[in-house]
Amino acid sequence: MKRIVLILMMAVLSLSAATETELQRAYAKEFAFLKAQKEMLEKRLSQVKKEDAARIATAKKEIASLQNDVLVKTQTSDRLGEQLFRSQQNAENINDDTALLESVALQGQSSLAPYGIKLAINKEDYPATLQQLFASTLTLGRELSSVRVTEGSFYLKDGSEQKGKLVKVGNIATYGVAEGASGVLVPAGGDKLKLWDAPESAATAAALAQGQTPASLEIFVYENVSKEIEDKTEKSVMDVIESGGMIGWVIIVLGLFALLLVVLRAFFLSGAGSRTLPVAKETLNELKSKGVEATLEFLKMKKGAAARVMKATVRNLDRDREHVEDIVAEAIMHESERLDRYGSAIMVVAAVAPLLGLLGTVTGMIATFDIITEFGTGDPKLLSGGISIALVTTELGLIVAIPLLLLGNMLNGWAERIKDGMEQSALHLINEYNKLK
Amino acid sequence: MQPGLQNLFDQFLIYMQSGGFVMWPLFVLVIVLWYALGYRFHAIKRGSQKSVRVLIRKFDSGKREVPRGLIDGAVVDALKIVNAGYRGTVGRELIEDAFYEYRQELKKYRKTVNTIVMVSPLIGLLGTVAGMIETFDSLGSMTLYSQGGGIAAGISQALFTTQLGLVVAVPGLVVGRLIDRHSKIMELELEQIKDIVCSEEEGK
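Protein chains in written order, with the numbering used here: chain A, 1 to 437; chain B, 1 to 204.
Source of the hints: derived by calculation from the structure; they are not laboratory data. None of these values were measured; they are calculated from a predicted model. Be a bit skeptical, because a hint or two may be false.
[Unchecked claim] According to the in silico footprint, chain A covers these stretches of chain B (three or more CB under 8 Å from chain A):
1. 91 to 101
2. 104 to 115
3. 119 to 133
The beta-carbon is built from N, C-alpha and C at its ideal position, and this holds for glycine as well.
In isolation and in its complexed conformation, chain B is listed as follows (with noise of 0.2 Å):
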């Protein structure tokens, strides 16, 4: 290894050492989450950024064939199943089946990003209260540093780890609700995908 990767590297354990037994779930949570959200982030591409009518109306003029994303896929997905024939209620359950995997892909890790967000400030609480049992424990033996701890790491343990349970929560939180949100906006939109392909079937 590189001397400066290698700085890099004992500093890191350093800093992980400060906080105490919570610093390592934190930091696999940390990891966890971030691979969530880049997987939800993936997940919510959406393909062109027009409209679902101007879409379905390209794609079924053939002026346009090959599928960049989510609603894309679905579209053309959904005019598939039309052109073979099914159509009114038949059409729509089809359909409807063949976006449960959109679905599901919409969904997925959303649980996950939720409970860590959730999760982290209380790992934080726990690591703050392991310190304040250190720094009580080291004042009533008035060791102000000791081999494993003391009342000044004890302190720096508990305000730390408060502070990085925050710091994961927070941007989690904040990228999460706004992924939410697109992929809310998606599901409605593959609803009203359903909804055009069929009523413009009947109406023709």
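So here's chain A without its partners, still in its complex pose (with noise of 0.2 Å):
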């Protein structure tokens, strides 16, 4: 058995053997063939890698002159949509300047037609039609501000219609010339003229009627013929005082009141004053040649504030210096109740008149105020104749009051000074019988 077993062992062991040999020998064949396969291999990826980069180059080379070309394009077609919108413009310009073209026209039509001048407007040709336009106006100018005659009517006062001459000085005056009436003319309303009233002008008319140059010119120079000028009515006093209400007439009262009132001072002081020199000179020398005695008989008969205070101060020369001055100081005191009579009543009247006034002035702005509430700020014709009639209280109160102080201070310097006169002649006498004794 144990040769059999090594019998198959050696058998085993040659037959591996064998096989060894076998097996490197393919080993190599394979080893040999995928050399050559990845050699092959090898130089395929080179030739691929080749090819492709030629193939990139091509298509950036390519890329790049279709980005040029869209660059291109776009500049293309900004410049287009910015010449198309410039055209839009100017085709909306010329769309604007033709309707300003026609509304320049049709103005010029309707204001050239009043004067009887009719344009006709042709769409096609707007040059022409404006240079009529333009030629027409220019003739109409030259002529408007001509001095023209023509024939025609205007109203008189009284409302009655005059037919008769009408000088036109260009559009801004006319003067009519008719019998009987002449004169500037101003718009009545609705195209119409009515004689102003202003005599004056009538020579004006006549003369520039006859085409003569007048050597001064009265005229009344309007904006427009359809707005009728209203007559201006003067205010009269009455008017003026009747617009301040009650308290215009309350002011007014007062006024007279006081101007009464400076009147009879005037009268007094000029009756005292007057008197007192020439009365003072005659004592003296009554006193200096006749005596105390028949100073005072002469004194009787005179009569006067002057007179008084002398014979007060003859009467009692004799009693010592003080006690007669006491006493002409009285008998002037009592005079200067007369002398000053209404003196302050003329003062109150006028510090009382402007306060006065501006009490109406407050009553007459609250009453516009009142009516602003009620209707509002629209109509100024409304607010402005309330705050007028407002003014008026004071202006009246002011007219009163002005007056009042300049006279009542000239009457109350002048009472000063009659005063002064009075004590300084008494006075004066004294010092003279002093010095006689």
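Hey, can you piece these two chains together into the complex? The hints should help.
Below is the structure:
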């Protein structure tokens, strides 16, 4: 058995040795095949890479050229768009201009129509239309800025219509010349004219109608023939006072009353003042030549404030000095009651009148604001009328107060001077008498 | 009239018209005011600037004889009375008597000036009120310019007269006060002369 096994073993061993060499051979064969394949693949790979690079390069070039193309196209499109926009604007402008031309032509047509000039508007040829418009306007302007005489009619003061010549000075003033009534005319509404209340303009009208140049031009310039000019009614004094209302009347009555007092006071003062110096002089002469008793008799004949003061002085000449002076002062005090009469009343009125005026103004303002609350501030006529009335009372107050202040102060000064004069004369008399003794 | 003068006169008339009816009274008042101020300014000429004592000594010693102003004249008058032998209370009374004219002269037109200074702003105010009335009347009828006024003329009148009233009053007030102060001082000096002359005579 052993042998068998050995043989077997030997056989296996020899068998295996035989297969090992075969395997090696096969491997080498395989290796050579694979190596050849690898080389071939590598060669192909490098070839493919080379081809790819070439293809990419051409593609890139192509992209760049296409981009350039796009850029150029965009720019062109922008430019075209702008051009389009501009053309649209131009078209609009032209439209506008056409509308403007049309409106100018229409306006010209309508403004020339009242003067009897017809303007044909040719929509195809505006330049010609405009040229015609300007030409006819120019001739019209020349015509209107001249003085021209036409036949026509105007209204007189009493409302009757009068036929006659109309002298038009440009387009701003008109004179009417007719038998019996001529003068400057003003618009009376509705393109009619009426005679203005200015008699001195008749000469101007007549001269202009005959084509002469008047020495002085009495003219009433109006803006517009169709707008009526209202006659400006002269406000009389009564109207002014009336518009001041109750307070206006109170102020006026107070003022008249104070004026009466001023007149009375001036009368008293002139009576007393004019006689002071002559009486003093005569008394002195009497005293020097005839003595105290005769002077007293002489003074009894005289009347007036100065004589009374002199009498009191002469009667007490022989008393001691201070006593006489007291008597003189007392006598003047007695007279001053008469001299100062109404003085303070006048000054009170002068002080009160502006205050009353202020009261009237405030009252008027309140009335105005009442109107505002009721009707709003829309109509300036309502407001300004109220304010103007409110101011009238202030005006009246001042008109009363100012002369009263002036006169009152003057009269006060006068009274003061008369009193000073009396005192002085009396003292002079005493001094002269004492010198004589 | 020369053309230049005529032109000036015309301008003056336009000026007067632009202020309305208060302008002429105001103009008259201005003339009276400055006449009165001029008179007062002239009246308060003192004469010598020396003090009253010095003046009395000079006139008394015969160094000076001709009086040059109000105080000088007063000194001469007072010395005349004293030298005639009147002194004491009687002398005082006589001097007082003699000074009456000087006092009157110092007082003259004082009241006139004060009155005008008081009244002229009021006249200006009156013109303003009249202008406002014109303005509001014109506003009512919406006439910007009219033959005799209108809004523009009314406003111009309103502003103009107040201004003129103040222009009249303020210088009058200032100058008047200055002159008043001087005349008060001179009244005191008259008293001083009386006192000095009489007391010196008593002292002799």
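The hints, checked one at a time:
{"no.": "1", "hint": "91 to 101", "in the structure": "holds (count 5)"}
{"no.": "2", "hint": "104 to 115", "in the structure": "holds (count 5)"}
{"no.": "3", "hint": "119 to 133", "in the structure": "holds (count 9)"}
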